[in-house]
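Participant: Okay, here's what each chain looks like letter by letter:
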Amino acid sequence: MIKLSPRTNPSPWLSVLSPVIAIIATLVMGALIFTLLGYNAGESLYQFFISPLSRLDRISDLVVKACPLIIIALGLVFCYRANIWNIGAEGQFILGALAAGAFALQFPDTTSPLLLPMMVLVAMIAGAAWAAIAALCKTLFNANEILVTLMLSYVAALLIDVMVRGPLRDPMAFGFPLTPMYPDAGLITRMPIPGVGYLGQLHYGVLIAFILAPIAWWLMHRTLPGFQVRVIGSAPRAGRFAGFSSVRTTIGVLLFSGAMAGLAGMIEVSANIGQLQPNVSFGYGFTAIIVAFLARLNPLGVIAAGLLIAMAELGGDNAQIALGIPKVVTGLFKGILLFFLLAGATLQHYKIEWASRKARS
Amino acid sequence: MAQKKQPKIPLLEARGITKSFGDFTANDAVNFTLEQGTIHALLGENGAGKSTFVKMLYGVLSPDQGQFIWDGKAASIASPKAARAMGIAMVFQHFSLFPALSVAENIALALDDAPSLKDLSVRIREASERWGLAIDPDRPVGDLSVGEQQRVEILRCLLQDPKLLIMDEPTSVLTPQESERLFDVLRRLAKEGCAVLYISHKLDEIMALTSKATILRGGKNVGDVTPAKSSTRAMAELMVGEKVDWIERQTNGANTKAPVVFSVSQLSRPADTAFATALKSISFDVHEGEILGIAGISGNGQDELTEALTGEWLCPDANQISFQSQPIGRFTPHARRRLAIEMVPEERNGHAAVTDMTLVENTFLTHFERVTEDGFINKMQGHPALCEEITASIIKNHDVRTPHHNPMARQLSGGNLQKFIMGRSLITAPRLMIVAQPTWGVDVGAATMIRRNLLALADQGCGIILISQDLEEIFSLSTRIAVLNAGHLSPPQSAIDLTAEDVGLLMGGARASQTHAPSAFEGEQA
Numbered sequence: 001m002i003k004l005s006p007r008t009n010p011s012p013w014l015s016v017l018s019p020v021i022a023i024i025a026t027l028v029m030g031a032l033i034f035t036l037l038g039y040n041a042g043e044s045l046y047q048f049f050i051s052p053l054s055r056l057d058r059i060s061d062l063v064v065k066a067c068p069l070i071i072i073a074l075g076l077v078f079c080y081r082a083n084i085w086n087i088g089a090e091g092q093f094i095l096g097a098l099a100a101g102a103f104a105l106q107f108p109d110t111t112s113p114l115l116l117p118m119m120v121l122v123a124m125i126a127g128a129a130w131a132a133i134a135a136l137c138k139t140l141f142n143a144n145e146i147l148v149t150l151m152l153s154y155v156a157a158l159l160i161d162v163m164v165r166g167p168l169r170d171p172m173a174f175g176f177p178l179t180p181m182y183p184d185a186g187l188i189t190r191m192p193i194p195g196v197g198y199l200g201q202l203h204y205g206v207l208i209a210f211i212l213a214p215i216a217w218w219l220m221h222r223t224l225p226g227f228q229v230r231v232i233g234s235a236p237r238a239g240r241f242a243g244f245s246s247v248r249t250t251i252g253v254l255l256f257s258g259a260m261a262g263l264a265g266m267i268e269v270s271a272n273i274g275q276l277q278p279n280v281s282f283g284y285g286f287t288a289i290i291v292a293f294l295a296r297l298n299p300l301g302v303i304a305a306g307l308l309i310a311m312a313e314l315g316g317d318n319a320q321i322a323l324g325i326p327k328v329v330t331g332l333f334k335g336i337l338l339f340f341l342l343a344g345a346t347l348q349h350y351k352i353e354w355a356s357r358k359a360r361s
Numbered sequence: 362m363a364q365k366k367q368p369k370i371p372l373l374e375a376r377g378i379t380k381s382f383g384d385f386t387a388n389d390a391v392n393f394t395l396e397q398g399t400i401h402a403l404l405g406e407n408g409a410g411k412s413t414f415v416k417m418l419y420g421v422l423s424p425d426q427g428q429f430i431w432d433g434k435a436a437s438i439a440s441p442k443a444a445r446a447m448g449i450a451m452v453f454q455h456f457s458l459f460p461a462l463s464v465a466e467n468i469a470l471a472l473d474d475a476p477s478l479k480d481l482s483v484r485i486r487e488a489s490e491r492w493g494l495a496i497d498p499d500r501p502v503g504d505l506s507v508g509e510q511q512r513v514e515i516l517r518c519l520l521q522d523p524k525l526l527i528m529d530e531p532t533s534v535l536t537p538q539e540s541e542r543l544f545d546v547l548r549r550l551a552k553e554g555c556a557v558l559y560i561s562h563k564l565d566e567i568m569a570l571t572s573k574a575t576i577l578r579g580g581k582n583v584g585d586v587t588p589a590k591s592s593t594r595a596m597a598e599l600m601v602g603e604k605v606d607w608i609e610r611q612t613n614g615a616n617t618k619a620p621v622v623f624s625v626s627q628l629s630r631p632a633d634t635a636f637a638t639a640l641k642s643i644s645f646d647v648h649e650g651e652i653l654g655i656a657g658i659s660g661n662g663q664d665e666l667t668e669a670l671t672g673e674w675l676c677p678d679a680n681q682i683s684f685q686s687q688p689i690g691r692f693t694p695h696a697r698r699r700l701a702i703e704m705v706p707e708e709r710n711g712h713a714a715v716t717d718m719t720l721v722e723n724t725f726l727t728h729f730e731r732v733t734e735d736g737f738i739n740k741m742q743g744h745p746a747l748c749e750e751i752t753a754s755i756i757k758n759h760d761v762r763t764p765h766h767n768p769m770a771r772q773l774s775g776g777n778l779q780k781f782i783m784g785r786s787l788i789t790a791p792r793l794m795i796v797a798q799p800t801w802g803v804d805v806g807a808a809t810m811i812r813r814n815l816l817a818l819a820d821q822g823c824g825i826i827l828i829s830q831d832l833e834e835i836f837s838l839s840t841r842i843a844v845l846n847a848g849h850l851s852p853p854q855s856a857i858d859l860t861a862e863d864v865g866l867l868m869g870g871a872r873a874s875q876t877h878a879p880s881a882f883e884g885e886q887a
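Here the protein sequences line up with chains A and B, keeping their order.
Just so we're aligned, residue 1 is where the first sequence starts under the working numbering, counting upward by one.
Just so we're aligned, residue 362 is where the second sequence starts under the working numbering, counting upward by one.
Hint data in this document are derived by calculation from the structure and do not stem from the laboratory.
Heads up, some of the hints might be wrong.
Unchecked claim - Stretch by stretch, here's where chain B covers chain A in the computed footprint (C-beta under 8 Å, at least three residues):
id, stretch
1, 229-243
2, 295-302
Said to hold, decoys possible - Straight-line C-alpha distance at most 30 Å; calculated DSS-like pairs for lysine-lysine:
id, chain 1, residue 1, chain 2, residue 2
3, B, Lys618, B, Lys590
4, B, Lys552, B, Lys434
5, B, Lys641, B, Lys434
6, A, Lys334, A, Lys3
7, A, Lys3, B, Lys434
8, A, Lys351, A, Lys327
9, B, Lys552, B, Lys573
10, B, Lys442, A, Lys351
11, B, Lys416, A, Lys351
12, B, Lys581, B, Lys442
13, B, Lys618, A, Lys3
14, B, Lys416, A, Lys138
15, A, Lys351, A, Lys3
16, B, Lys416, B, Lys434
17, B, Lys442, B, Lys573
Since the model is a prediction, treat every value here as computed from it, not as a measurement.
Ideal Cβ placement from N, Cα and C applies to all residues, glycine included.
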């Protein structure tokens, strides 16, 4: 039987080495799989790891792709640190996008610079409100937040579908399920890089992601609420002993992560789509769960983890386009990458023992 | 049940069973004989070695030295499965059943060679009728009361046709009526030839039920007695020993003239879970400068009482607890700390301290109000780094040995962590201190220092509530002593007037005046 037993003093070298080893192992494993499937291994790995970084505009695509993942994951980090399992960021993301869109569409002719901040506010409130349902169910009825948040994601997906096909539909859209375009004041514009100019879809929204990460770190490590979250997640009984309320923490982290997901939803639509459609998310809310864990629940690590996952996503797309590798194989490859990264993180703190079963009778 | 054998051969004999964990000898050359078809009690305080002994008998642990003789033959019991194959069955104190599964499904999971569910249901029905353990095999376990769940566990054992049934503190989860019914079943089992090893510290039950009792103390067998020919007093004496006679006892009599600093009145608390203990109308006063010792065997309401005193559980009525005449029953722990009440709960890891956090963060855990400035925003911006200096002085003043200046709490040994936790409270100059098991699992040096600190604190006029299972500790520190048993607290009495046997009897659920216990349920009275 395999047994994991904690290492008494984990070596600092391991924390540096483990991601490196994980990536090497992924490369080896990936090469093996691609070769066995009849693809050129070198070419495939190039598409995954190098091509997303090969040109400046591709790097900017990477950052754009990582932006919603980072913002959502920053919220999730607080939930998971508090041992609250919000799996429904997808729904909170959709609600944020929907509410901000519905709000913007009330003012089709406005040019007010206040529209965008108002949309941010509305999106955050909507995302938080969606998460609040799960918070209330948990604190009042002890309902499992994993189930409630997950199921509410499907409700959210259906809700935006109904709204886009019904009340918010653009009468001029030839029957397509689309809303009118947002007024210009409600769009997030592209961001020029000094000396380079516009790069791909790079927009001002990504700044928010990069500003929020250190703020989230500060919140977690330099404020009392952050301390409460860490204590209650790590030792709930010690939290009660200190006098912290686990109910208030539960509600707080769910509202916070809902607001962050809602914000991400608003930014995604305002920057990249410009109108509401039945699908606005492409699974960002779920992918962000992986980002949060890959970052070891550290808000600063979320940036690196978000970029890495975005790279795997884009690399997968590239491999599909350039080499015709099927989506399931690129998915498999992403799975292998995560497997090795998380296994490396685990083995950093635990060692494997082969415990022989005592089955003499 | 068991096949008839010549009664001469004992069913089980233990010869020189020894088991150590590190330096600690949990069982020290225990000899023990169990006759067929008898109900035999295993009696002792917490930490006397009962659990260790039984775990070895059931194959969970293996002895370092010594030998079990089963049915006249040497036996090594390698695993619980092997124990079951030999005919040893056990009902654990905290049984683990799946609430969503039916009775039959739960039993099927636990059997080594389960028949089909249908056959099993028939067999469960037969057994439950035969033994008077009414249970419907198709009901989900989640719908059953704890008493009924215990029946499921007993039926599971009986389906294996055991020759020996081990019951670990079975009545701790039962009402008196249920206990009575359980005793009937156990007596019938014994009559049919199945031996019962009955682990308990309740003297009255042992008097009423068992024909022999083995008493463990400090890992040693200190006596095999026949309860019918003995008395609860004699057994209590064996259980707690004369050990309290030679230690230095607190010589200051109770100074009940000093003002009352803290008082609890009519505090009751229902049991949250099946395994919790309800508190029953507890009242006591603590005077300035006195140490009130609350003795008792763990699981008699210590955790529940501690939580009520610290504010982790809030009283329904604020007046049930008062501090310097101010009702504080609804104050949270940090609101109580603000009044200079400090508490040190029993469990260091994950309760008094967060093991995966640094000492500075652990100082902040109880000092966050003290180190931040007033105002909501200032409070919110408080962070552990503000406690660096306080932590350094705790480490220095209390001789906390640390690998470096700010280690994780889990990197400290038990004694050093406890010194840190005590220091964290002492540095605030408390007016009332609540400590539970302050020297549990702590090395001798640290224990001495902690006890000296508590005595010094009392000298400064602080009232101290000492909740401990360690009678030596209780007697060496307390000015007055009360005993917690099954959620009742005996009236505090001056420590000088009490003997160890008096306290032992109260701990065993008997009344100090009693010598013979006709009823099994004296201690359970509501």
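Participant: Checking against the hints above, which ones are violated?
Facilitator: 2, 3, 5, 7, 8, 13 and 14
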